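Start from the sequences, fold in the hints, and give me the full structure.
Each residue of the sequence shown is one higher than the one before, counting from 1 in our numbering.
Any given hint could be a false lead.
[Said to hold, decoys possible] DEER-style ranges, computed between Cβ atoms:
#	residue 1	residue 2	range
1	Y248	D371	35 to 41 Å
2	Y609	D371	37 to 43 Å
3	M442	K402	27 to 33 Å
4	P345	T574	30 to 36 Å
5	R377	Q93	35 to 41 Å
Rather than coming from a laboratory, the hints here were simulated on the basis of the structure.
None of the values given here were measured: they were computed from a predicted structure.
We put the CB at the ideal spot given by N, CA and C, even for glycine.
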Amino acid sequence: MDYINKYNMNINVQKQIVTLELNQQRTIVPIVNVTKPTKIPVVISNSVFLSPHATGETVISIPISSISLPFTLLSTFKRHLLVTNNSKTFHFQNYCCTLTLRNLRKEPKFIKKGTRIGDLLFTSTFQQPRTFYSSCNKSLGTTKNLGMTPAFSNLNTILNFSSRGKISTSSKLCDPSVINYLHSLVKDIENKQQKQDLLSLLLNFYDIFDITKHNIARTPKSHIINTIPHSPPSSRPYPQPDKEEVMYKLIQEFLTAGLITQSNSPYAAPAILVKKKDQSYRLVVDYKRLNAITIKDSSPLPNMEDTLKKLGKGFSYFSKLDLKSGFYQIPINDNDKEKTAFITPFGLYQFNVLPMGLRNSPPTFQKVMTDTLKSCRSFCLVYLDDIIVFSTSFSEHLDHLKQVFSALQSKSLVLNPPKCEIAVRQIDYLGHTITKDCIKPMRAKIDAIVNIEEPHTLAQANRFLGSLGWYRKFLPKFADIAAPIHAVTNLTKCNRRKFKWENPQSEAFRQLKQMLITEPLFLHYPVDHLPLILTTDASDIGIGGVLQQEVNGNIHNLYYHSQLMTTCEKKYSTIEKEALAIYKCLERMRSFVLGRSIIIMTDHCPLCYIMQKSIKNTRVNRITHLIQEYNIDKIVHIQGRYNCLPDYLSRYSKEQDDALFDIDYGLASKNKSKNFSQRKLVAAMTLRPRKKQPIATNDHQSIENHNIISQQFDTLSQSEDIKKNKSSSNLSRNYFDIAKLKIEQQRDPQIQKIVQNFSLESTKNSFLFKEDIVYKLISLNKYSHKKIKVIYLPTSMIESLLRASHDDPMSGSHFATDRMYYKIRTHFWWPKMKTTIQRYVKSCSLCTQFNLSRTKKYGHLRSIPPPEGPLALIGIDFCGPLPRTPRENQYVLVITDYFTRHITAIALPNCTAETTARALFDDFFCKFGIPSIILSDRGTHFQNKLMENLQKLIGYNHIYSTAYHPQTNGVVERFNATFVAQISKLQSTQHNNWDEFLQAVVFAYNTGEHKSTKFSPYELLYGRSARLPIHIQPKEFTFLKPNDYFEQLKKTLRIFHQASRDNILLQQQANQHYYNKNRLNPQLNVGEKVLTKSYGLKGKLDPKFSSIPKIVVQAYHPIYIVEDECTRIRSQVHINDLRPIITN
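Set out below in structure tokens:
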């Protein structure tokens, strides 16, 4: 209109001229009608194979959604193909049409997918010739000469056609996935004219349904983050080395789209990538620490009951609209952008839009949407991210939708078409099903109760009553109604067989269920300004939850949820199942709980802190990210007996749900090609060798050799036979060929010598020559006089027989020497037969790796000689983790003197390097002095830089035990086993105050006589016995001269120490004699190859010893230094963790 007004344009249709005026000058432009035929390329959607003179159907496609035009075949195909469709006009719907072809030649014809086979012809009037391009101005496939994109590509040129088949002058570049979504929104409308009108409306507002690109809304309202006085929370980036490249590409994409910018903020929340089932990634930021200091936005939500009442006025048509990643479209206040900063391995960035996971996101979203749709409030309601439009007639509904779409388009807000419902007669909204005639609560709220089946056993009846026990005080006349069930469940043990479930019990069961889903216990709407209480539980098969509110001291239920776990979810650990229950319940009850204060109650204590700190569990952390958007005030631990109904629902679930890691949460890439490129190979299948693959031909080139095509199909048809043959060959591979026996016996010199000497009497008694085969005569046992003949096996065939009898799955299956020997000896014989078999079995690498040793571990006991005196050599070790005490203690640092056996035990909250060093310094070095040597294991709490620096600073030697050989520090390990049992007996019934008894137990140990020294550790350290509460209180005390006391103490200690040393040596000799009895003590040489024992988590079918051999480079029997030939990494290993590799 601006152009027409500016130039006073006048169109004269009769004279075919256009008149323009500018600066008082008139210009006349003739209307030139240029008629030019235009071709629309038609391509094959699926590869097609036509036998000679055969007829077949295929699907063809064009870059236009629907049209009816004549079709012509390309000249290159006209010589050998005939179109046999009944009509020359082809009717295309959804870009596709069916084409019937006949092969006119004697050779088979193969047409590849994507081949241009013909054109649609139409005549249109244009000012000048027009060419249609895709959005990237790049032609694809065989349509490149026209610049058009085939229908199966990612981007199509979507053109509007009149009913006459002419293209209008307006065209849009659209994504076919979006167009398909729009078609799916109108597919259920039966009236064709209404469907066409609604589709036209949706296409006119294509931009607000385009979810293929990132979007930022133009709204004056932005998100504000108000925080309490604080120091900016800062975290280090989460290590994800395998995903750094993917994260970098995503960050660059988001920077280009303007969603994020680089930052210099003091804030830093960790960002992680989460992979979905389709192998795409989403960026998720952990805002737990920021949310903890954010002031809650107390803006009221719309009253749910009032909202639903507005819909109960006889409206006939409803539409529910969902915003695609709605939070990510809303801008964030400039002053608060730095608070959203997140850290990655390659830089710090901050959001320009509202990210998921921030507290107060739902109220901000509500304000933005209310402001955007304020002009539509008479026919449109907004509740957080749910928009509903309602009208009395279809035409009115179209007008209302147009106004809503215009309002959204003005603010550049984008809807999510897969989750929208347009112009329907019945809709689910805020937990209710709404139609023209009524509003009723959704069955989903109470299905978990309604679907509970009647009990059929005494145990089931008891569990049902137990699940309702907590509600007794809220259910009027509960005892009277439940009396029939109580009558058949309150049975003594001997009368339980008399349990019967009859009509009175069934009626009571139905009444109790009905009380759970009706008032006063059940509410249809939450009460505003009161927190919601969500109680959840998980069992081995399912999860359950109940949403409640406490109103005036009475508990009211709002929602029951129960569902089965998937096969994968059943394998979760306990903490993962309990966290999953919280997430699934929150997600199912989203419309009830989003934006409201929530208290979560669970009977799994470790979940109480998941919103304050990270858990060392990937799935649980994933769930904490998903539930960040909810206002969870706290998570409270309750005892299992108070969690009856959720527990019951978790065990009687009736449905299955989706997987956890396929949830649209976080910021995803819009670049489909990137996501596709990240897909990893799951399986590979080879159909034929590369050299036999057919040579690629041109798009319309015939395949001249029919045998090649036949070979392809033959290969596929034979796949089952190949699979069977492969399976059978895996079950048995016979390496032994008995047919070669005669030939090999003739070649064997030992056997031929026997044949030559066969006339001798001694030879006749031991051997038999029959049918040119030499047999050995043997007795199966020494008491039997009966002899049997067995084949004398030539030396050249021994190896193949042993391989068949040991390695073959059916003949041997890697069993041991005896089983193998007794299986062979009744059929074959050769000299030193059993020794040969033993050597073969010992040389088998698989047997070495997997076999369990039934003998004692290798290596004799080598005791540590007693040191010169007290506190010269000490051993240290950690015991724990034990149950956490009210003083936050979980570990015990045990310090043992190797001479006196004196124990020092220190309760500690953790076992970090810093805590260990501080405890050693304060509680041992400053009390007893510096030892000469400290012996410990190789744990990170002892083997670290801090302990090394402490060792250099104070001056002592720190030696480490051999890995996986705790016997090195056996004195400490022995005490750990002793004191744990003692404090277990003394702690309280809560089992959490063991640290209160620790020092008393240690004192009792130190004052008792030790088996090795024959003295108490207290005596050896202080030179006297300790006074105990059981001793008689002395009535008088004699003061000796100091010098006399000191001399007497030295003399006493000298006697004690000498006797103690002698006793220790005697006890060590006795221990060695007992330990070394019937124990092998093999010694290895430098250069020998060995296998090392595998430690850590492994399955029952995993090898016991590593498959990679190592070489002995240093020998200090029983300790050996071995080296990996590939990595050159050396390790110290005890002889009992080594197995020598024996070559056959």
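Hint by hint, here is what the structure shows:
1. The hinted window of 35 to 41 Å between Y248 and D371 holds, with their beta carbons roughly 37 Å apart.
2. At roughly 38 Å, the beta carbons of Y609 and D371 sit within the given window of 37 to 43 Å.
3. At about 30 Å, the beta-carbon gap between M442 and K402 stays in the expected band of 27 to 33 Å.
4. For P345 and T574, the Cβ-Cβ distance of about 33 Å falls inside the hinted range of 30 to 36 Å, so the restraint holds.
5. Our hint of 35 to 41 Å for R377 and Q93 holds, since their Cβ atoms are close to 40 Å apart.
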